[in-house]
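Q: Residue numbers (this note's numbering), protein chains in the order written: chain A, 1 to 156; chain B, 1 to 156; chain C, 1 to 156.
Read the hints as simulated data drawn from the structure, not as lab findings. Given the structure is predicted, the values throughout are model-derived calculations rather than measurements. All the pointers check out, no bait thrown in.
Because identical chains cannot be distinguished in the list, a pair is counted as satisfied if it fits within a single copy or across any two copies.
Computed cross-link-like contacts, SDA-like style, restricted to lysine to any residue with a CA-CA straight-line distance of at most 20 Å: (1) Lys99 <-> Glu130; (2) Lys86 <-> Pro34; (3) Lys42 <-> Lys86; (4) Lys42 <-> Leu111; (5) Lys99 <-> Asn131; (6) Lys57 <-> Arg20; (7) Lys88 <-> Tyr45.
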Amino acid sequence: GFPGIPGMKGEKGEGAYVYRSAFSVGLTSRAPVPNIPIRFTKIFYNEQNHYDETTGKFRCSIPGLYYFAYHLTVYITDVKVSLYKKDKAVLFTYDQFQKNNVDQASGSILLHLSAGEEVWLQVYGEEEKENNGIYADNINDSTFTGFLLYPDLDLH
Amino acid sequence: GFPGIPGMKGEKGEGAYVYRSAFSVGLTSRAPVPNIPIRFTKIFYNEQNHYDETTGKFRCSIPGLYYFAYHLTVYITDVKVSLYKKDKAVLFTYDQFQKNNVDQASGSILLHLSAGEEVWLQVYGEEEKENNGIYADNINDSTFTGFLLYPDLDLH
Amino acid sequence: GFPGIPGMKGEKGEGAYVYRSAFSVGLTSRAPVPNIPIRFTKIFYNEQNHYDETTGKFRCSIPGLYYFAYHLTVYITDVKVSLYKKDKAVLFTYDQFQKNNVDQASGSILLHLSAGEEVWLQVYGEEEKENNGIYADNINDSTFTGFLLYPDLDLH
Ligand SMILES: [Ca+2]
Ligand SMILES: [Ca+2]
Ligand SMILES: [Ca+2]
Numbered sequence: 001g002f003p004g005i006p007g008m009k010g011e012k013g014e015g016a017y018v019y020r021s022a023f024s025v026g027l028t029s030r031a032p033v034p035n036i037p038i039r040f041t042k043i044f045y046n047e048q049n050h051y052d053e054t055t056g057k058f059r060c061s062i063p064g065l066y067y068f069a070y071h072l073t074v075y076i077t078d079v080k081v082s083l084y085k086k087d088k089a090v091l092f093t094y095d096q097f098q099k100n101n102v103d104q105a106s107g108s109i110l111l112h113l114s115a116g117e118e119v120w121l122q123v124y125g126e127e128e129k130e131n132n133g134i135y136a137d138n139i140n141d142s143t144f145t146g147f148l149l150y151p152d153l154d155l156h
Numbered sequence: 001g002f003p004g005i006p007g008m009k010g011e012k013g014e015g016a017y018v019y020r021s022a023f024s025v026g027l028t029s030r031a032p033v034p035n036i037p038i039r040f041t042k043i044f045y046n047e048q049n050h051y052d053e054t055t056g057k058f059r060c061s062i063p064g065l066y067y068f069a070y071h072l073t074v075y076i077t078d079v080k081v082s083l084y085k086k087d088k089a090v091l092f093t094y095d096q097f098q099k100n101n102v103d104q105a106s107g108s109i110l111l112h113l114s115a116g117e118e119v120w121l122q123v124y125g126e127e128e129k130e131n132n133g134i135y136a137d138n139i140n141d142s143t144f145t146g147f148l149l150y151p152d153l154d155l156h
Numbered sequence: 001g002f003p004g005i006p007g008m009k010g011e012k013g014e015g016a017y018v019y020r021s022a023f024s025v026g027l028t029s030r031a032p033v034p035n036i037p038i039r040f041t042k043i044f045y046n047e048q049n050h051y052d053e054t055t056g057k058f059r060c061s062i063p064g065l066y067y068f069a070y071h072l073t074v075y076i077t078d079v080k081v082s083l084y085k086k087d088k089a090v091l092f093t094y095d096q097f098q099k100n101n102v103d104q105a106s107g108s109i110l111l112h113l114s115a116g117e118e119v120w121l122q123v124y125g126e127e128e129k130e131n132n133g134i135y136a137d138n139i140n141d142s143t144f145t146g147f148l149l150y151p152d153l154d155l156h
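Construct all of the structure, not just a fragment, from the sequences and the given hints.
A: Below, the structure written as structure tokens:
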């Protein structure tokens with residue numbers, strides 16, 4: 001007899017959209033405790049739950065290149081803050097406060113992360129009490145955002 | 001008879017390149033009117049025309065996760081500004097001005113948008129006249145930028 | 001005969017992953033010379049080497065839309081800085097310094113670049129000596145970051 005009809009066409013390949021990791025969070029009030037990770041508990045976006053609001057840390061699940069940005073309201077006293085990666089401060093932002101002159105301080109960076117590596121913000125300095133002027137209330141934000149820009153190529 | 005030949009190979013998966021939405025704009029002069037969207041009319045990039053320079057609003061055409069960032073020159077008086085999503089202020093930035101001390105204030109956030117949702121910047125506060133210190137001229141910029149980071153997966 | 005077996009699944013879609021270009025760098029010390037590109041030599045990320053630390057310039061290898069961001073510590077004197085594209089200043093940031101009031105100034109923009117086009121930061125102004133207050137030391141950063149957001153579609 002004749003050969004059968006051709007088989008069905010294969011499934012469509014996978015899109016590029018599989019690899020996603022992003023968070024955007026803010027403070028709800030003042031007074032981050034110095035020398036421990038700042039806990040941002042106002043959640044703008046945290047779909048994948050890679051940011052842990054109970055610890056303040058973002059934990060890398062997808063190895064790759066990440067962009068992090070923070071914007072802090074400086075009020076009452078100075079702000080000294082570091083972005084930490086794996087217990088090491090890699091980025092430092094300092095802004096002095098003066099009376100009647102609320103300021104904004106910000107930082108951003110690209111960092112390559114391996115699975116399990118954590119990133120967070122923390123107040124630093126010898127006189128921590130004088131450096132924790134990061135402020136927030138219901139009409140003043142201080143935020144922390146991060147997202148996966150390029151997943152590692154060897155994931156594919 | 002013999003079985004038919006195997007079916008054709010499936011189509012190649014969709015690239016990430018189909019879904020694009022981005023704008024980057026600035027003010028050309030001072031004096032954004034309070035309590036209406038700030039109209040940025042200096043266009044650095046607006047290829048898809050999802051930002052409308054006649055209204056100052058970005059309108060979502062591709063559902064997904066967007067990154068927004070703004071950087072404002074603070075001069076003459078204080079700046080209180082909000083990023084609005086659908087008539088609701090979701091992010092607040094406040095920077096006080098003092099004589100001879102021009103400042104810079106900035107904010108950024110990730111927001112998930114559905115098709116048709118709009119995002120813009122607006123001066124807020126009870127005493128608007130004292131909070132619209134956003135300044136720009138030919139050698140001082142105040143800018144607003146946004147881009148699609150991850151389109152919704154169910155688009156595929 | 002029987003129908004053939006179904007075809008194989010299609011190839012995975014081309015991710016955005018082939019096209020990558022990103023850098024994130026900082027200053028190690030104060031005193032960028034005015035009117036020439038600022039050389040950031042602390043390297044957070046420069047995998048593709050599209051940023052040249054000997055010149056301070058990013059050179060576009062992959063045509064497309066790029067995001068650039070900078071965050072500068074303002075100390076000792078004022079800061080006037082421009083982001084240049086091809087010898088033309090396209091973005092201007094000004095922040096005045098006052099005694100005991102270290103500030104942070106930042107800017108960001110989306111720019112479309114063609115292959116070979118260069119982008120960098122530079123102090124400007126008629127009285128350059130008074131405008132180069134960009135500061136950095138081992139616990140204070142001033143940074144410059146850029147990344148390819150969307151490669152040009154005609155690359156495919
Ligand atoms: Ca201020
Ligand atoms: Ca200032
Ligand atoms: Ca300050």
